[in-house]
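Engineer: So the chains spell out like this:
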Amino acid sequence: MSDLALTARQLRYDQKSFWRNPQYVFFTVIQPVIFLFIFVSVFGNKTTLVGGHEIKRSTYYVPAITTLAIMSATFFNLTISLSRLREQGILKRIRSTPLPPPVFLAGRIGTSITVSALLVALLLTIGRLLYGVSLPTHTLLAGVTTVLVGAAALSCLAFAVTSFVPSEDAAAPIANVIMLPLMFISGIFIPSSEIPAGMQDVANVFPIKHVFQSLLRVFDPATGGAGFAWGHLAIIAGWGCVGALVALWRFRWTPSGQ
Amino acid sequence: MSAAVPQLRARVPPASAPAPSVLTVRGLSKSYDGRAAVDGIDLDVRRGEIFAFLGPNGAGKTTTVEILEGYRSRDGGEVEVLGCDPRGGGRAWRSRIGVVLQTCAVQPELTVEELLSLYGGYYPAPLSVSETLELVGLTDERGLRAGTLSGGQQRRLDVGLALVGDPELLFLDEPTTGFDPSARHHTWEVVVGLRDIGKTVFLTTHYMDEAQALADRVAVIAHGRIVAEGTPADLGGRDHAPSAVSFMLPAGVEVGELPAPGAVLRGEHVELQTRTPTATVARLAGWAQERGLELPELEVRRPTLEEIYLELTEQG
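Residue numbers (our numbering), protein chains in the order written: chain C, 1 to 258; chain V, 1 to 316.
In short, the hints are calculated from the structure, not lab data.
Just so you know, not all the hints are guaranteed correct.
As the list claims (entries may be wrong) - Per the computed footprint, the stretches of chain V lying under chain C, defined by three or more beta-carbons under 8 Å from a beta-carbon of chain C, are: (1) 82 to 95; (2) 116 to 124.
Said to hold, decoys possible - If you anchor each label on the Cβ, the simulated ranges turn out as follows: (3) V:P124 / C:L148: 52 to 62 Å; (4) C:G238 / V:D196: 55 to 65 Å; (5) V:S130 / C:L4: 36 to 46 Å; (6) C:V144 / V:R47: 54 to 64 Å.
Since the structure is predicted, the reported quantities are computational estimates derived from the model, not experimental observations.
Think of the CB as a built atom: it goes at the ideal place given N, C-alpha and C, for glycine as much as any other residue.
Same shape as in the complex, but just chain V:
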């Protein structure tokens, strides 16, 4: 497992010309009882990327995803998924998408292999059962009844059932909610594997570490509107945001003596914000070394995706 983690972070470098869109949304809106759940949003998902759609409960996330999947109708705007309006998405269109719902079960009496073969038969050109088993890491469980699988294994079976038809685009709705860390990492590997074989993934999640680990691009929805869009690294100006430097104040030193303008004392820790963390730390380190002091618990931290996300979604 540990060997696989660096691999998770490896990202396909952005191509010079952006890949064609597989999903385009313009001015999408939907209201329930006169209350706007989705209020004029635009989205673009490019072929071959993992796109994470983030937002708090009630922000319009599920409504948007279900409109894209063809489950719900919309009030206004243009939606094109794989060149079709999902509203009229027929059998041919459905054979090109795969959907993993937030909560869904399978017939517990059937085995993993039987289910994959049953669902594969719905599609014109499915993957083979053994190929699918390998992609989702369930080869050893192929003969087990679905009802006896663990939560993580069931979720991977869900992904397998969405994948067995060899779709171009997969919707994954909160694929790891409620998982232990090991099951989550295992599922992440499966999702990264999907990108490696050229699938486009539309992912919704509550977990910022999941978006950070998986997504090429991220959009955040709050109160029915897109409040930020970007890569996990630059979302909401994260790449330009100041870094926080903190350390424990050494004994016998006053905060004012430090070569660090703007530093404040919080408890025993000194904290300061800087846009030049390297210079700031070098200055502090030089100062401390001259005096033979140590700066315990010295830490340089950039704002996490989670902090940026909370800031974005709590406004308004």
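This is chain C alone, in the form it adopts within the complex:
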């Protein structure tokens, strides 16, 4: 079997594992949908200031919750599942087989990106049907690019963070401690215009805010042109490279203490 066929197979089985695990499905798929309902229902009729003009809060929250969804499908899900696979010896066992490690890793990343893409489609459908938020066609390509670059970069960062997770139980708290504060200061829950400047400066260092800003530009009806936010995309990709390098340096296949 060629490595490409092996990767496709790995992806297929990883997908099966994912969709059969109620915990993963809830945190990755159901939770963002619930958040979208809550935020749009509570604040949907207001407007918020973005880049000097007002946009509807419902338009604001679709890209915001999409960012959260990409974050859970990639960073959160991979940090937890890789820590579990490593601590339970599954990675170590895989290492004894002829399966090339990059194929295994590509399968996991592919699964996260696939789940992200499905989730984005689901959130868009809900946004459109219930709240009349639609993705402008002229920015569609920029939207797809952002989702792919964001999902890939956040997956690499998950590998990097997993290499610092000491045990299976520590994975979820560590992932949350990183994600939750960053999501707050990046404007995922509270509009950026209401967040103090100092905190926004901190958020600007990390990739989440750039994924969100890039998606917000895609959804903003005032955006002219193709909507590519090159500056944001460059910072996201840069973080992805940092993650990949740290992972190459530190990623372990054996359980802690072995």
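Here the structure of chain C is known, so what remains is to put chain V in place on it, guided by the hints.
Structural biologist: Frame of chain C; chain V shown alone:
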């Protein structure tokens, strides 16, 4: 199950010329922080045998096995597994070995059949899923999710996953630790079945009855060195070791009256060591019969593998 037990003891008679080595170790050493974990050991495993590698925790057993499997690097010595140095063992080499780790899980959401088919796909010439299911006795469980299997069934699935690639050499690290007796016997049958289809098995275990039931040859490691090597029957001079004869002292008899020099009384039991157990027992039996006496609880015992093992590993 009971019918299968005698089969377990049936051993392939040693061939006149020894089978070629599939695993050779010469002067292997490995230290951690200046402390020698493995201190210059030699091993030879021949094609088609079950080789048991025994030793207490911390004796260097796991370090050795992980060097052989290619997980760890070594400090010195020569290691050849299936003609390759495991340190540089590539994809082709890994497709010829199967590894069952001491503790390992599987993706619990996948079924037995899906897992075997997934892992089989990693190898160039795998066994069929149904063949593998049959070898490890999981045909009835093929549709169950791995997470719902019992401990014994999961372990057999572990063996199945190591076996599905049709490897020449299998490493089994403590395959029955924590099992109930029935699950252990079931796993033993699977291991014996592996030898029957020509696989070589490198087994580590804590259980001497397991080594006794399965192994063709045994090596014992203690403090990083091989302290004994042989078959389960002759390990550490077990075949030449004296037998112990014991019985309850009949009422009204003094130990000194017995035709048994060297006999000592321990509680109510007389014990003596002899290298000629048949003659000793015949003499005692004749003596007792002449007097119309019975020797209650009469027992002739050779040292068990476990006793030999404890003696070997507790020295030094």
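Engineer: Each hint needs a verdict: does it hold in this structure or not?
Structural biologist: Okay, the hints, checked on the actual structure:
no., hint, in the structure
1, 82 to 95, "holds (count 4)"
2, 116 to 124, "holds (count 6)"
3, V:P124 / C:L148: 52 to 62 Å, "34 Å, violated"
4, C:G238 / V:D196: 55 to 65 Å, "58 Å, holds"
5, V:S130 / C:L4: 36 to 46 Å, "28 Å, violated"
6, C:V144 / V:R47: 54 to 64 Å, "56 Å, holds"
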